Amino acid sequence: MRGRGWIESSETQVRARKSGASAPRKGAVTTAGFSPDGPLGLKAFFWRIRNAAPSASSGQALKGPLFHGIVRGPARLVATIFLMSIFASWTTAQVTFERLVNSAKEPQNWMTYSGDYTGKRFSALDQINLTNARTMVAKWVYQTTATGKLETTPLVVDGIMYATAQDNRAFALDVRTGRPIWMYQRQLPGDIRPCCGRVNRGVAILGNKVFLGTLDAHVIALDAKTGAVLWDVAAADYRTGHSFTVAPLAVKNLIVIGISGGEYGVRGFIDAYDADTGERKWRFYTVPGPGEPGHDTWEGDSWKVGGAPAWNTGTYDAATNQIFWPTGNPAPSNRGEGRAGDNLYSNSLLALDADTGKMNWYFQFTKHDEHDWDATQVPVMIDVMTAAGGKHLIAQADRNGFFYVLDRTSGKLISANAYGKITWSDTKDAEGRPLGKKEASPTLEGRTVCPGAAGTTNFMAPTYDPQTALFYVTARDQCDTFSTAPQPYEAGHAYYGSAYFPSEEAEPYRGFLKAIDPATGEIKWTFEHTSPTWSGVLSTAGGLVFSGDAEGNFIAFDAAAGKPLWHFQMGGAVYAAPMAFAIDGKEYVAIAAGSAVYAFGLP
Amino acid sequence: MLATKHYFILVRLAVFSLLMTAALLHADDRNPLAGNAKAAKAGEYEFRINCALCHGLGAHGGGRGPDLTRAVKKHTHSDAEMFQVISNGIPGTAMPANGTNGQGVGMTDEEIWQIITYIRSQEVKAPAQAVGNASRGKELFHGDANCSLCHMVEGKGGRLGPELTGVGGSRTREAIIDSVRNPSRRLAWGLTEATKEFPQEYETVTVVTADGKQIKGVTLNEDSFSVQIMDASEQIHLLEKDKLRSFQKTRQSAMPVYGADILSDKELGDIVAYLISVGPK
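These protein sequence lines map, in sequence, to chains A and B. In terms of this note's numbering, the first sequence opens at residue 1 and continues consecutively. In terms of this note's numbering, the second sequence opens at residue 1 and continues consecutively.
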């Protein structure tokens, strides 16, 4: 488990760019005063005409809002043709599916929740590196006016940042200044039922639209240029405990999104909506209905309120057209009585066909979970050779304390190794999957089990750095006493069937950043935080790993050695994951902390 | 027209507020489930789910929340007050409003009444005769037992340890005795992040500064890069960890263990009686 409107506009201007040699990029909106930042092409051309020395040539000056100044002589004709081409392409998409698939070609942008479809949360930018990281400074801070934790990962596309805050605020910022371009806030009903704070983890972007899942279980499309609502569809009834906190994922022309509400006994699902119209194209129920495979893993009617929500963003493999999406706990979360069986597809990784939502394979991490160990961690596609073979792999550091590596074509388990303190399992099945012990099952009197309900990790995004070939994850060692509490299902009402609290005998909670070698499961280095953190992790080609802590620090680590190189005190605890982008050829790293978004760069 | 409209709005507002007042009075006046054994049982489970994290199983107090089995409570007397506190929380404390602790979902009015019924069923009547001699306890606290060197009560005493004016109202007698006999035990209790402000609670630190000076004290706060310490003479030291020659931290309390050889059961009983006497009146 585990999360009100005005618009402010600013003068906007049109400009265009061309990416590399191939497909022309479509029109983009920026704030006034932007200068070209692209490597080559029309933007560079624009830069030249804007900066042409006025005194050096004869001829008429072309003045106008588009040019911020004067364009002279021969440039005029070209500029006119150029202008026409902008308006010709005005109505077409900015962020195409092709751009998302080929995001590696534009490391200056961060266009999906995890930075790319593989979920690596790795930035190829290397301007900020091992040598100069210690000189980093805060470039700007944007205060969201929201109270409560921020879990958002900002997206950045062509100089504009899109992020979210509490109560379904969404906003667009000028990435150079942090100044808002527009702000949106949903008018939420008074009786919404968020599980764990009124949080949101971010938006998806496709075409000229930004997509947001709301706490009242709607999916909405906003105009990327104005924040105006373009379409709004209800996915489910919020009064029965459905909500969205997840950042959606844009795949082809679909907006893929997973429901929250495992604490209310919803029947979980993953939906895909047509990005243009909001029409639902498919739905995959994570709890199979009568007649469907897996239905017999539920006792009686328990499947109807079985949970298995899907509240964290999955990944996508364009080569096989598969979406990998993880699922959460069965309901009630800590009481297995009444739902005998494995409870498929709770706490599983699902491989779904992107076009149809049909399941190709699944892998269940925790069978018949009684400890609230949602498997809703980002599944990261990695391509490494392990001792057990493989190459096209998918890795997930699970809340239950094991680091799993699977073959992503078949879902077959390659390895599972503990990466934190665990007491719930001491055996594995024939395939190598850790199995739970009977003595870890909660009782009325309470039983102490490690990890605790918060898990060894949770929703905080991990990162995989292809340069060090290491997987970095925020981890915690904490044990809880799990006690059952019989609780009947009541629509729209909490359905935990349990309680958990710090064990009296337990050690203090400990929090870490760990570097795991996916080929062996070995932990290469560990940094111990002062206390456990909910921050995600970013790796960059500069040899760095970035993460935040509960005390409000944003920290740059040496990715190979785990040594902190730089930190900045942001004044608020971190519940979000960092990302990186570039503008004007300058690299930035951004993260949300407290109720603000921070951007850092070199002096 | 405008005036008429305003008039109607005013009437509507007046009627609305009357209705609201009536509703509130009705809802919060008295516990409709008072004494209902079935409601108390349901309340026990609701308590486990919503309250036990801080107030402990059986409402005996946890790492953070007060013992609720005491008949006299610090913030509430009547059932109606208790309903208000559960619904709205207590500003300035870790007690959150219903449904806002970041974990739970919120309880219905009926469930809150069930919890109150349960808490009432768990209350232990205060003995008619006070246990211990409070005035003797006061002398000991501020005198021979040396408690006030580090602890403050009603404005008198030291700052190194926790302020204890309210402790008699929020902890059981047993818990206070335990924390005197085994002062380090309490330090091992973790805090959950939802309402965490400081990760440390009176951990003991010893540092050696770059110029070789040793400082020993308790942490006021700490992060991975800095630490704020109070030493035994109540001096505050603000230190950057990377400039220290050494930094050692332990969850052994700076408070000495008061065994029966130092403080007899009777003397300790008197001190506890004093702490309880300065609790809620």
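One or more of the hints may lead you astray.
Said to hold, decoys possible - Derived CB-CB ranges, DEER-like:
(1) A:E445 - B:G166: 27 to 33 Å
(2) B:N146 - A:A491: 58 to 64 Å
(3) A:K304 - B:T108: 17 to 23 Å
(4) A:P293 - B:N182: 54 to 60 Å
(5) B:A94 - A:P293: 32 to 38 Å
(6) B:V131 - A:A561: 54 to 60 Å
(7) A:V229 - B:F225: 40 to 46 Å
Unchecked claim - Once the Cα atoms are required to be at most 27 Å apart in a straight line, the calculated BS3-like pairs of lysine-lysine come out as:
(8) A:K367 - A:K252
(9) A:K563 - B:K241
(10) B:K249 - A:K139
(11) B:K249 - A:K421
Derived by calculation from the structure, the hints in this document are not laboratory data. Quick caveat, the model's predicted, so the values are computed rather than measured. No residue lacks a Cβ here, since even glycine has one placed at the ideal position from N, Cα and C.
Hint check:
1. A:E445 - B:G166: 27 to 33 Å: For G166 of chain B against E445 of chain A, whose Cβ atoms are near 31 Å apart, the range 27 to 33 Å holds.
2. B:N146 - A:A491: 58 to 64 Å: At 59 Å between Cβs, range holds.
3. A:K304 - B:T108: 17 to 23 Å: holds, 22 Å
4. A:P293 - B:N182: 54 to 60 Å: holds, 56 Å
5. B:A94 - A:P293: 32 to 38 Å: violated, 47 Å
6. B:V131 - A:A561: 54 to 60 Å: With Cβ atoms ~59 Å apart, the hint holds.
7. A:V229 - B:F225: 40 to 46 Å: holds, 44 Å
8. A:K367 - A:K252: violated, 33 Å
9. A:K563 - B:K241: Holds. K563 of chain A to K241 of chain B sits at ~14 Å (cutoff 27 Å).
10. B:K249 - A:K139: Judged against 27 Å, a Cα distance of about 35 Å means the pair is violated.
11. B:K249 - A:K421: holds, 22 Å
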